[in-house]
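Using the sequences plus the hints, can you model the full thing?
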Amino acid sequence: MNSASDLIARTRAGDDAAFQLIFERYSRPVISFIYDMVNERELAEELMQETFVRAYKNLGALREDAKLSTWLFGIAKNVARESLRARRHSSRKVELDDETVQELRDQKLTPDDSLINRELNRVIRDALSRLDEDKRMVFTLKIFQQQSYEEIAAVTGFTVAKLKTDLHRARAEMRRLIRPYLEVSL
Amino acid sequence: MKCEECLPLIEEYFDGELEGRTAESLAAHLALCAPCTGALTELEREQELYASYRRDIEVTPAQWNIVRARIEQEKDARPQGDQGTRRRGWLAELFGRQFRPAFVAALVLIVMGLAAGILYLNSGTRRGEIVSQASKQNETQAERRANEAVAPGKAESASVTASVEDKGKNDSAQQQQVAESRPRTPIKKNVAVASTTNSANVRGAQPTNDSVRFEAANFDRDSIVTGVRQSAPEIAGDFDFEVARHTERAQLLLRSFRNARPAKSGRAVDISYEKENARKLLYQNIALRRDAASRGDQPVAETLGTLEPILLDIAHLPDRATVRDVRSIEERMQKKEIVAALQVRTLVASN
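Residue numbers (our numbering), protein chains in the order written: chain A, 3 to 188; chain B, 28 to 378.
Hints listed in this document are in silico derivations from the structure and should not be mistaken for laboratory results. Remember, predicted model here, so these are calculated numbers, not experimental data. Warning: the hint list may mix true and false statements.
[What the hints assert, rightly or not] Residues from chain B that face chain A, not an exhaustive set, calculated with beta carbons under 10 Å:
id, residue
1, Glu39
2, Gly43
3, Asp340
4, Gln370
For every residue, glycine included, the Cβ atom is placed at its ideal position computed from N, Cα and C.
See the structure below:
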């Protein structure tokens, strides 16, 4: 009844409630993906909104056989890339001697799980922000969004060979940055 | 399968992207090879760690409201585009052929030129009529004054009533013209234009249009009290415009504040620019909030009421604030979802 194709058809017929369901179903993965890409909370919120407005405007162009989530991630990727391009000059990449990273490195882990989780979240976020854009995109889509290689290729426009290489390198880089936490979780 | 063959494929295997015989032989190798199994276990552990990753971001109903408002805006904009298409179709249908855009543009310019010429000629004729009417009025008034000198108090009320009525008609017609041509002109300009044209066209007549004077007086008094234009039905559009502009500026300020970071050398954050802007916005915020409350516009009053303490706090920070102070304000901004609320208000007010 509320399958993706039903929701698309109903939205195309002018049923705004159906589009709200699409929003409710996909906004969380979309905002997570964008947040991982831009690493700025409120910017991610704005870009998520932009993604859904564009999706609504272009729903007519969605092919019948296309997967809705892949199509939405594709729009989100474009929106995030445009934003990253626009702020490239003023972007702040986290450097090795950055205060935040220093703090994380210096602090000793405590048995407090919530604290560990909080720190882990920050470490993963900082590590993600150090990956280059292509690697970050492929890594996020695979590891966090559980997309298949075929779907990632559809979203990014990369060849499967390139995305496999990017994913392998991203994994290696991330592994190096989160290694202390991998040892703790043993 | 050997380890050198297995290891390059292990990520694909872990990702479930290997199929058929390759996957089978890799699984067979893993059952026997401890180092390759170790590599797979490491991937599993990493995945567990990534699965526990929580982002400090949520999807809230306010965000859907923004999306919905923007979609509504799109819908409103679309029919105009469609009308444009239909109009072109209608032209082609009427003349039985498609015109080049340059030809249509030239045609439009000619028609506009003709229309302007006709309007100019008409206004010249009318101006002459008004001046002659005014001189007639002057003559009549001079006669009446002479009569009054003979019989004081007798013709006074009739004269004033006639003058007010005549001028009232002129004023309202002229005001309507001004209002139609400049729908968003602030009331002060309307008053100024109305009174100028009035004195120019009806020389000798006394400024007796009470409604115009009342509005002007109201405007001046309210400006002194609040610093902004107050509610008058004619300036409802201006209030929305002011709210849209103010909320947009506030959004920019809060985003800039949110992006402020400490210098690498120390822990202080230079927020002198944001502080200065917060001060400027604070006064306008107070005025607009009061204005909104007096109009009964509760959503605007509430949003500005939420914004006010944040502006106040930013305005009172030292030029080089501590990271803790800045973060505490940022957390409150996030908790109140003030940027999203301002975005909604900007959209609603600019509609």
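Going down the list of hints, with the structure as the test:
| no. | hint | verdict |
| --- | --- | --- |
| 1 | Glu39 | 7 Å, holds |
| 2 | Gly43 | 8 Å, holds |
| 3 | Asp340 | 18 Å, violated |
| 4 | Gln370 | 8 Å, holds |
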